[in-house]
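> All chains, full assembly: derive it from the sequences and hints.
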Amino acid sequence: FPGMVLARSQSGDFTRSGGKEVMESFLKAEGGGKNLCAVYAHNDDMALGAIQAIKEAGLKPGKDLTIISIDAVPDIFKAMADGDANATIELNPHLGGPAFDAIDAAKAGKPVAKWIKAQGPLFLPDTAADEYKRRSAK
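Under UniProt numbering, the first residue of the sequence shown is numbered 1, with each subsequent residue one higher.
If you are wondering where the hints come from, they were derived from the structure by calculation, not from laboratory data.
Honestly, I wouldn't trust all of these hints.
Straight-line alpha carbon distances no greater than 25 Å define the calculated DMTMM-like cross-link-like pairs of lysine to aspartate or glutamate that follow [to be verified]:
#1 LYS78 - GLU90
#2 LYS60 - ASP104
#3 LYS117 - GLU24
#4 LYS60 - ASP130
#5 LYS63 - ASP75
#6 LYS114 - ASP75
#7 LYS107 - ASP64
#8 LYS63 - ASP104
#9 LYS55 - ASP104
#10 LYS55 - ASP101
Derived CB-CB ranges, DEER-like [stated by the list, open to error]:
#11 PRO111 - GLY58: 25 to 33 Å
#12 PRO111 - ALA29: 39 to 47 Å
#13 LYS34 - GLN10: 17 to 25 Å
By construction, the Cβ of each residue, glycine as well, lies at the ideal position given by its N, Cα and C atoms.
Rendered as structure tokens:
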């Protein structure tokens, strides 16, 4: 996406209602969504709220706007299986280790990398229905 620019950024307070409210304001400010191509949410619940707002605006989430988020909660897999979301990245419980290593290094006066890459599994629509069943059964 070489021509892509960040159009807007705002927190939805990590809630569905917050994600919906923010997306409603973005759609209004961006010509009903004509000027947008994708939504990235730092949390699946905010993405699910954004999906609701996109639908209510008469657009097709996952098609008119690409939806990518973080967490891998069961409902985002349902949204992917339904065609309303395009990807989620699962938060990994092992992210804390590198964070605390960086804190310890900084406290000891050692250099700390400006960018610490964290890895988590990427899930796409082709496995979403099975993941939804597996995660919902717990």
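> It remains to establish, for every hint, whether it holds in the given structure.
Here is how each hint holds up against the structure:
The straight-line distance between the Cα atoms of LYS78 and GLU90 is roughly 15 Å, inside the 25 Å bound, and the hint therefore holds. Restraint check for LYS60 and ASP104: not satisfied, since their Cα atoms lie roughly 46 Å apart, outside the 25 Å limit. Under the criterion of a C-alpha separation no larger than 25 Å, the hint pairing LYS117 with GLU24 is inconsistent with the structure, at around 32 Å. This hinted pair checks out: LYS60 and ASP130 have alpha carbons roughly 23 Å apart, not beyond 25 Å.
Distance check on the hinted pair: LYS63 and ASP75 sit about 18 Å apart at the alpha-carbon level, within 25 Å; holds. Taking the CA atoms of LYS114 and ASP75, the gap is about 34 Å. The hint is violated against a cut of 25 Å. Note on LYS107 and ASP64: the hinted pairing is violated, with a Cα-Cα distance of about 47 Å set against a maximum of 25 Å. A C-alpha spacing of about 44 Å is found between LYS63 and ASP104, which places the hinted pair above 25 Å, so the restraint is violated.
For the hint pairing LYS55 with ASP104, the CA-to-CA distance comes to about 46 Å; that exceeds 25 Å, so the pair is violated. Distance hint between LYS55 and ASP101 is unfulfilled; the C-alpha atoms sit about 43 Å from each other, more than 25 Å. Between PRO111 and GLY58, the C-beta spacing of about 51 Å breaks the proposed range 25 to 33 Å. Between PRO111 and ALA29, the C-beta spacing of about 41 Å keeps the proposed range 39 to 47 Å intact.
The given range of 17 to 25 Å is respected by LYS34 and GLN10, whose C-beta atoms sit roughly 19 Å from each other.
Comparing the model with each earlier hint shows violations of hints 2, 3, 6, 7, 8, 9, 10 and 11; every other hint is respected.
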